[in-house]
Amino acid sequence: MDLGLVATAGVLLLVVLIGSSHLRPYDTPEIDPRPALLPIYLLRSLARLAVAYGLAVVLALGTGHLAARSRFARRLILPTLDVLQSVPILGFFPAAVAVFIGLFGGSALGVEAAAVFLIFTSMFWNLAFSVYESLITFPEELTLAAAQFGVRGPLRWSRVVLPAVMPNLVYNSILSWANGWYFLTASEIIAAGPARYTLPGLGSYLAQAITVGRNDEALVALLVLLLTTVVLHLVVWSPLEMWAERFHLEETGARPRMPRVARLLARSRIVGWVTRVVVIPGGQRLLTAAARLMDLPGRYGTVFAALLGTAVAAVLGYGGLRLHALVTSRRLSPEVMDIPLSLALSFVRVSAGVVLAVLIAVPLAYLTFRGARTRSVVLSLLQILGSVPATAFFPIIAVGTVRLGLGMNVGSILLVLTGTFFYVMFNVLSGAAAIPRQLDEAAAALGIRGPRYVARVFLPAVLPSLVTGCVTAWGGGWNAIIFSEYVVAGGRRYEVMGIGAMLDRATYVTGDRQVIALSLLSMVALVVLVNRVFWQPVYQRVAARYKMET
Amino acid sequence: MAAPLSGGDAAHAVLVRLEQVEHLYHGRIRILGPIDLEVREGEFLALVGPSGCGKSTLLRIVAGILPPSRGAVRLGGRPLKGANPKAAMVFQSFALFPWLTVVDNVAIGLEARGVGQRERLKKAEKYLALAGLSGYERAFPKELSRGMKQLVGLARALAVEPELLCMDEPFSALDVLTARAARDLVLDLWASPEVTTKTILLVTHSIEEAVTLSDRVVVLKANPGRIADTVDLAALPRPRRADAPAVRETVDRMYALLA
Chain B
1 MDLGLVATAG
11 VLLLVVLIGS
21 SHLRPYDTPE
31 IDPRPALLPI
41 YLLRSLARLA
51 VAYGLAVVLA
61 LGTGHLAARS
71 RFARRLILPT
81 LDVLQSVPIL
91 GFFPAAVAVF
101 IGLFGGSALG
111 VEAAAVFLIF
121 TSMFWNLAFS
131 VYESLITFPE
141 ELTLAAAQFG
151 VRGPLRWSRV
161 VLPAVMPNLV
171 YNSILSWANG
181 WYFLTASEII
191 AAGPARYTLP
201 GLGSYLAQAI
211 TVGRNDEALV
221 ALLVLLLTTV
231 VLHLVVWSPL
241 EMWAERFHLE
251 ETGARPRMPR
261 VARLLARSRI
271 VGWVTRVVVI
281 PGGQRLLTAA
291 ARLMDLPGRY
301 GTVFAALLGT
311 AVAAVLGYGG
321 LRLHALVTSR
331 RLSPEVMDIP
341 LSLALSFVRV
351 SAGVVLAVLI
361 AVPLAYLTFR
371 GARTRSVVLS
381 LLQILGSVPA
391 TAFFPIIAVG
401 TVRLGLGMNV
411 GSILLVLTGT
421 FFYVMFNVLS
431 GAAAIPRQLD
441 EAAAALGIRG
451 PRYVARVFLP
461 AVLPSLVTGC
471 VTAWGGGWNA
481 IIFSEYVVAG
491 GRRYEVMGIG
501 AMLDRATYVT
511 GDRQVIALSL
521 LSMVALVVLV
531 NRVFWQPVYQ
541 RVAARYKMET
Chain A
551 MAAPLSGGDA
561 AHAVLVRLEQ
571 VEHLYHGRIR
581 ILGPIDLEVR
591 EGEFLALVGP
601 SGCGKSTLLR
611 IVAGILPPSR
621 GAVRLGGRPL
631 KGANPKAAMV
641 FQSFALFPWL
651 TVVDNVAIGL
661 EARGVGQRER
671 LKKAEKYLAL
681 AGLSGYERAF
691 PKELSRGMKQ
701 LVGLARALAV
711 EPELLCMDEP
721 FSALDVLTAR
731 AARDLVLDLW
741 ASPEVTTKTI
751 LLVTHSIEEA
761 VTLSDRVVVL
771 KANPGRIADT
781 VDLAALPRPR
791 RADAPAVRET
801 VDRMYALLA
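Here the protein sequences come in this chain order: B and A.
Under this note's numbering, the final residue of the first sequence carries the number 550; numbering is consecutive throughout.
Under this note's numbering, the final residue of the second sequence carries the number 809; numbering is consecutive throughout.
Source of the hints: derived by calculation from the structure; they are not laboratory data.
It cannot be assumed that every hint is accurate.
[To be verified] From the structure, some residues in chain B lie toward chain A, with a derived Cβ separation under 7 Å:
no.	residue
1	Glu141
2	Leu144
3	Ala145
4	Gln148
5	Gly150
6	Pro163
7	Phe247
[What the hints assert, rightly or not] Pair ranges (Cβ atoms, derived):
no.	chain 1	residue 1	chain 2	residue 2	range
8	A	Leu616	B	Gly153	19 to 29 Å
9	B	Leu439	A	Gly602	25 to 35 Å
10	B	Leu439	A	Ser756	31 to 41 Å
Here a beta-carbon is modelled for each residue, glycine too, at the ideal position from N, C-alpha and C.
Using the sequences and the hints given, assemble the complete structure.
Next comes the structure, spelled out in structure tokens:
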């Protein structure tokens with residue numbers, strides 16, 4: 001039985017119910033639009049991202065390791081992660097914010113904590129999964145050797161576990177960090193019912209400039225953002241990736257790899273320097289320190305999981321009672337009747353977003369993959385684009401599509417596309433990069449080229465990654481739909497009927513808790529249901545047939 | 551011929567004793583046992599048998615990295631819990647940590663036992679030298695040939711100075727010539743006064759290998775894995791050449807046992 005699924009539903013339910021009851025009007029002033037303040041805003045945004053990332057890594061190591069080690073914990077953790085990563089977490093933001101603000105007694109620290117939490121949710125899932133995957137695919141003989149030579153405790157973490165997860169952890173960190181940027185705007189401007197919280201930061205600055213229509217400020221902010229992304233790749237991620245190379249298992253062969261801006265811009269001179277001077281000496285120390293930290297809760301892993309299970313069961317019971325009270329306390333809002341149709345319409349839009357993403361990403365990935373020389377340029381561009389907080393540009397996209405006469409329906413699908421495309425693209429690319437060279441050489445030797453190569457080699461080889469990409473894109477699409485069906489720009493509202501629009505209206509305009517709770521729950525139910533009855537069987541079938549043996 | 555378990559040679563104390571040990575797959579299907587087995591101090595004991603007879607499983611149970619589903623493992627009269635503190639293992643595919651240098655790989659068992667850095671480096675270097683790998687301390691495993699990797703695995707096991715050396719098909723991933731050199735090295739080290747480890751438990755699918763190396767051979771049969779016979783080779787003179795008539799005759803006799 002899906003213990004985790006039930007548990008998650010309970011926690012989410014409670015967040016909505018408790019959260020929405022604490023809302024009180026609270027207005028933060030508009031943030032100062034002077035571009036001279038941008039460095040400060042940038043630092044504050046970076047600090048939020050860094051804290052969220054640190055939390056995400058530590059928790060991902062803990063949960064991923066626990067899931068790989070204990071069968072009981074695995075049954076709780078894996079379904080929970082699976083559901084949470086596919087659930088439109090953005091929809092829970094207002095409620096989660098209220099919980100944090102309540103926890104911190106309404107102080108600004110509560111808003112900061114909420115923002116960090118929201119960014120955290122965008123970074124955590126793939127990290128946890130990557131830790132788990134690395135550990136369960138770790139060669140059995142190495143695990144046995146460690147056990148046989150008595151390697152345990154902090155030594156096991158620093159010599160076995162952390163090295164084993166490091167390459168995938170670093171690779172996924174880059175994706176997580178990009179995800180964090182994508183969520184930045186949403187986390188720095190949080191509106192909940194009558195309350196509106198704006199945290200000074202790059203995301204809020206950008207969004208404000210766009211909403212108000214100060215294009216030159218928006219442009220400056222965007223440039224700062226792009227420059228930051230490039231610099232971070234040069235001084236953080238590329239050196240980390242180079243450092244993580246040493247932890248590769250030679251047997252496992254090709255692994256998803258992305259050439260980076262670094263290679264292009266500096267021929268890795270800066271990267272090389274940072275790697276030598278900072279990362280390599282610091283890395284070992286970090287490893288040792290992290291090993292000590294991670295060893296602490298690991299000792300009580302099973303106890304911890306059992307406690308968690310009990311707590312979740314209690315929460316579930318309480319949440320159910322609260323929901324029951326909420327629904328029966330008064331007559332159902334007339335809007336509740338619109339939920340099925342809204343859900344169906346949103347379903348169509350999200351599906352269209354995924355299909356479009358596949359149609360664009362697969363040919364693009366193929367071209368990128370074939371053109372060895374352009375590959376690193378395209379990949380770098382994609383990484384930067386994937387890091388742009390697209391939600392800040394939603395007003396522009398929405399207004400633009402409507403002005404072109406395409407209507408808001410097309411507009412909202414385009415917005416959904418920003419939340420689906422990169423998942424599909426990056427997954428297909430990593431699948432393509434993992435095609436064994438021998439297979440390629442065999443194809444070339446047999447004269448398999450052009451369309452036949454695509455049909456016989458490329459598509460089958462990337463199919464498992466493509467499906468993985470679609471599953472994550474499906475989740476990302478539902479996240480995006482919350483901001484895609486209801487956009488306010490220049491004092492005008494652009495909206496179409498859908499579950500996202502309904503949720504936004506209930507959250508920002510009417511504050512109807514009944515509608516919030518029911519629309520969220522029905523959306524979560526649909527997402528989870530489609531995952532179970534469609535994506536999981538599809539993935540299993542595709543993986544069984546097309547997965548490369550390692 | 552079905553010689554019984556050659557009755558307790560009183561001169562040799564028992565190091566590890568398995569009593570009615572079984573291994574169940576998914577807690578239901580018995581793939582090994584029940585097995586009674588003694589590993590005696592100072593002997594070179596080989597486990598041979600066809601693939602799937604559970605010989606590697608048996609070795610892991612002796613090494614304490616796999617608890618038996620049923621039955622008991624006794625170490626000097628006491629039940630064994632967890633990794634066998636008196637044993638060290640050499641793995642078929644080497645199981646070297648690719649991110650550790652050769653010397654760090656060899657020292658990891660000592661590090662786990664809390665030996666200080668200086669002491670463990672000294673010991674690791676000593677055993678690397680005995681394995682003929684001086685000068686490769688700072689290399690990474692991927693820079694070595696397969697044969698050298700397995701010698702690192704051997705040095706790592708010997709470095710913790712175990713009473714019992716467990717070897718799981720240590721030569722089967724090596725080419726013929728390298729395997730022969732490695733076998734000779736193991737025999738040399740076994741005889742060397744520099745090495746304190748005097749009891750060896752070898753798992754192999756090669757009857758020739760078992761006969762040329764060991765004092766006693768336990769022959770296993772499959773489905774479920776049980777002891778078919780035990781053959782005492784203490785009387786067979788050393789050094790043994792694979793083409794010596796006495797060795798040939800023993801090998802043939804054991805092939806007949808397995809057929």
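The hints, checked one at a time:
The closest approach between the C-beta of B:Glu141 and any C-beta of chain A is roughly 4 Å, which is under the 7 Å cut-off, so the hint is satisfied. Interface hint status for B:Leu144: upheld, as the beta-carbon distance to the closest one in chain A is roughly 5 Å, under 7 Å. Annotation: interface hint on B:Ala145 holds; nearest CB of chain A at approximately 4 Å, less than 7 Å. The interface hint given for B:Gln148 is met, as the beta carbon of that residue sits about 5 Å from the closest beta carbon of chain A, less than 7 Å.
Interface hint status for B:Gly150: upheld, as the beta-carbon distance to the closest one in chain A is roughly 4 Å, under 7 Å. Against a cut-off of 7 Å between C-beta atoms, the interface hint on B:Pro163 holds, since the closest Cβ of chain A lies about 5 Å away. At its closest, the beta carbon of B:Phe247 sits 5 Å from a beta carbon of chain A; the interface hint therefore holds under the 7 Å criterion. For the pair A:Leu616 and B:Gly153, the beta carbons lie near 21 Å from each other, so the given range of 19 to 29 Å is met.
The beta-carbon spacing between B:Leu439 and A:Gly602, approximately 31 Å, falls within the hinted interval of 25 to 35 Å. Separation of B:Leu439 from A:Ser756 is about 34 Å and conforms to the stated range, judged on CB atoms against 31 to 41 Å.
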